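Engineer: Please put together the full structure from these sequences, using the hints given.
First to last, the protein sequences are chains H and P. When the count follows this note's numbering, it moves up by one through the first sequence with no breaks and lands on 335 for the last residue. When the count follows this note's numbering, it moves up by one through the second sequence with no breaks and lands on 1542 for the last residue.
Among the hints, a few may not be true.
What the hints assert, rightly or not - Derived list of chain H stretches under chain P, where covered just means 3 residues or more per stretch with a C-beta under 8 Å from a C-beta of chain P:
1. 63-77
2. 177-185
Unchecked claim - Okay, the calculated beta carbon distance ranges per label pair:
3. P:T1275 x H:L94: 38 to 44 Å
4. H:A81 x P:D1390: 26 to 32 Å
5. H:S157 x P:D1390: 25 to 31 Å
6. P:P1391 x H:S196: 28 to 34 Å
7. P:P1391 x H:E221: 56 to 62 Å
8. P:D1417 x H:L94: 23 to 29 Å
9. H:Y93 x P:V1398: 29 to 35 Å
10. P:S1392 x H:D327: 46 to 52 Å
11. P:T1456 x H:D87: 18 to 24 Å
12. P:P1391 x H:R102: 37 to 43 Å
13. P:T1456 x H:A81: 17 to 23 Å
14. H:L169 x P:G1365: 33 to 39 Å
15. H:V325 x P:D1417: 44 to 50 Å
These are computed hints drawn from the structure, not numbers from a lab. All of these numbers come straight from a predicted model, not from anything done at the bench. Glycine included, each C-beta is placed from N, C-alpha and C at the ideal position.
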Amino acid sequence: MAGVLKTSPAGVAEARNRRRSGQGRRTLVRLVLVRLAASAGVLWGAVTVTFVLLQVMPGSTADVLLARSSVSPEVRAGIVAQYGLDDPLPVQYLTYLGRIARGEFGESYVLRRPVWDEIAAQLPGTLLLVATTLLATVVASVVLGVVSANRRAWVRSLFASAESLVVALPPFWLGLLLLTVFSCTLHWFPAIGSSSPSGLVLPTAALAAGPAAVVAGVLREGLLRAMDEPFVVTARARGIGEAALRLRHVLRHALLPVTTLLGWIAGSLIGGAVIIEIVFSRQGIGRLALSAVANKDMPMVIAVVLVTAAAFVLVTIAVDILTWVIDPRTRDAGR
Amino acid sequence: MLVLALAAGCSSGADGPAPAAGGAAGGGEAGAASPRAGGTLRLAVEKEPECLDPHQSPTESARLLTRPLVDSLVYQDPRGGLHPWLAREWTVSGDRLTYTFRLREGVTFTDGRKFDAAAVVANLDHVVDPKTKSLLAASLIAAYESAKAVDPLTVEVKLKRPDSGFLSALAQPNLGIESPATLKGPASKLCAVVVGTGPFRSDGGFTPQKGIDYVRNPAYAWAPEGAARGGPGLLDRIEVTVVPDNSARLGALTSGQVDAVTGLAPAGIGTLKSTPGFALHTTRFPGANYSYWPNTAKGPLSDVNVRKALRAGIDWRRIVKNVYFGVYDGADGPLSASTPGYDPSVAAAYGHDPAEANRLLDQAGWTQRDAQGYRTKDGRRLTLRHMWSDPSVGNLAVQIQAAARQIGVELVEENLDGGTFVDRLLAGDYELIDTSFSSPGPDVLRVLFGADNIPTPERGISNNMARYDNPEVESAFRRALGARDQAEQFGVYAEVQRRITEDAAVLPIYSPLSTLAAREGVRDVRFNVDGTPDLSGIWLAS
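Structural biologist: Structure below.
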């Protein structure tokens, strides 16, 4: 399910015979449909793998669920019966699949509330953070990449080493550092809570720093490679300004790998921002997933995995579309 | 709101004269200034309940967050004394199987409904209903058989067997009285919104990973007898935010984003003590100390001499002092000294005596030493596996490991995932486990040392991790349950504490602290009998 389209030789040959725009658009529609169909398979796989992994985890679900409690045998038996924990595994698995197919995600074993309500309550916080992180990553990396690309070699390596340094910083450590400096010492931003726009600044910075550094590096390499292409000479010959050349022509070429990279980053941030969510006490899917896995809370884990997988699928499709828009070459292929 | 809070800055706590200095460290009974009404207490808490409903949830955080919302029939003061609350008075039958409660008149729930005998019956029945899936409350009143409303203000409760802990159980928030209308609704709703007769109400309820906001219940006129103050609460609002990260919580306090925080780690407590403008309110959690629980059923620790040697041979106090910056006190017995019914006479047995430890180990037959200097018997090394699943105890465990080595005992530290931990616990496949167990009375001894609480695969998780089974203690437990009054009950439990100390059935390490760190303007911070801070009694001087 990874991002970029592969060009098959047969497809290329066939595509050459087509008129570009009209045919290409139809290809795009078909591409999206194929991807959506495939995504159902991806989601089924994700549910299955999750189910198996949770069963393989040591400890019986009932024991883990009741670990910090004191219950009578009747209550224990009631819980086991209600959740079907004593059913044979294939039965449990098929029951889950059936429920999910009907859109019933059930009630969290631990939170004792409908799984969907909880996800609906926590998802906006996650999506907001992912969105601001992506935005910050794009802006920072484009600025960094464009600014650093035409410098002397030693300046570029200075940028590169700074980026490596930032990539090496663990986000939680960066988060704590930002908290100490900008929240407790300077009082510029709040240390806790997610309700205000200013509360987004530090978590976004902590999360975006690493991806921005990676993407900036990739973008710079891409820019440098594109600057060597013959079309640059042509464009210059037309008398285009240096800035316009970079932004309008060269950047477009360098954006392709970056788009793929961003798709992957977006996918991994949903559900992967747990530590930042904890450090900044933000609501989010990551924290939900973490406690659900620790408690073997099957309905919750499966629902979170489904949401994350669905987001990954959507992002992948979006990346494919973007690629189609950015790079006309891909419009001929992609089936 | 957060932006406004920011303007207050790190030094916000320092303004104002603060004559009582917050009564730092221990009790905080200094109420010199006259209480002032109004204001919003912003509190950051460490943990959140999975489900708010105290009937369902077993967690300390559920008790903390529902205490402002629900009242109980009986009030238990921090020393363990029982007083009238929603029940004006009560009588107990001669066979101790029937409790008759006369209820207070004119009490209303915050949803406008009247509190009466039917409400009490509905609550008790709700708690024990298997459909409620109560994870603690039902087991607190395991002796409960039935309740009936004799008249609108009289409830008669029948027990299956005498239970001298019944009234204390009723006093806990877990048996708090909720509006019967809400009990009939979906259980999932109760996990968010709890409606009681308390000094505060919360219509929005609890949002996971976020928190809960309360507003004052102006009609409140039924504070318990023996409480610090009657009448409605003084705060207009309480806003509780869940902030799991320690440094973020400390930062939120020192930068003025919140007025108070709970659950500071010892390092944070050290930092706060050296920051002017803040006060630290603490009490020892009642119940079992943080302890190593030896497997008394099998392995080297089934020998009482080896257990005693471990107790005497390791300088637990010094280790606790080093690891926790002098914040925690060493333990003086199976129960923390703040537990009602604690017997101080056992404290003497918990001293450091390496010579005695070596003598006991020799006596137990662990006389040889191997190449690494560990003791051996019949060619086998004295190795004890300590298993844990909470990484925060790592530092302490390493220090204890080093100290055990001094007397020739090898501790093997096993940091396990939750599931493996549970499997091994049920199988009894360990020598040492560590945990604390907070509880507002000596009844916890039954939970921790009763033979029917030994965890087994059939029974599931239970709390007798020492796997202690002593017929003498079992009969003492039965006597304690049948005790006529609290004094008799405490007497029997004192006997049990001495017996457990003699048997070295637990290796207590330190008494965990319940902490509320606050800016100095936060006044009258007291603690409930279960060690949680009493939020509804607080007022703001500034």
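Engineer: If a hint holds in the structure, say so; if it does not, say that too.
Structural biologist: Hint by hint, here is what the structure shows:
1. 63-77: holds (count 13)
2. 177-185: holds (count 5)
3. P:T1275 x H:L94: 38 to 44 Å: Since the Cβ atoms of T1275 of chain P and L94 of chain H sit about 59 Å apart, the hinted range of 38 to 44 Å is violated.
4. H:A81 x P:D1390: 26 to 32 Å: About 31 Å separates the Cβ atoms of A81 of chain H and D1390 of chain P, which means 26 to 32 Å holds.
5. H:S157 x P:D1390: 25 to 31 Å: Violated: the Cβ-Cβ distance is about 45 Å, outside 25 to 31 Å.
6. P:P1391 x H:S196: 28 to 34 Å: Holds, since P1391 of chain P and S196 of chain H (Cβ atoms, about 33 Å apart) stay within the stated range.
7. P:P1391 x H:E221: 56 to 62 Å: violated, 40 Å
8. P:D1417 x H:L94: 23 to 29 Å: Holds - the Cβ-Cβ distance for D1417 of chain P and L94 of chain H, about 28 Å, lies within 23 to 29 Å.
9. H:Y93 x P:V1398: 29 to 35 Å: violated, 43 Å
10. P:S1392 x H:D327: 46 to 52 Å: holds, 51 Å
11. P:T1456 x H:D87: 18 to 24 Å: holds, 23 Å
12. P:P1391 x H:R102: 37 to 43 Å: holds, 40 Å
13. P:T1456 x H:A81: 17 to 23 Å: Between T1456 of chain P and A81 of chain H, where Cβ atoms are some 20 Å apart, the hint holds.
14. H:L169 x P:G1365: 33 to 39 Å: violated, 55 Å
15. H:V325 x P:D1417: 44 to 50 Å: holds, 46 Å
Comparing the model with each earlier hint shows violations of hints 3, 5, 7, 9, 14; every other hint is respected.
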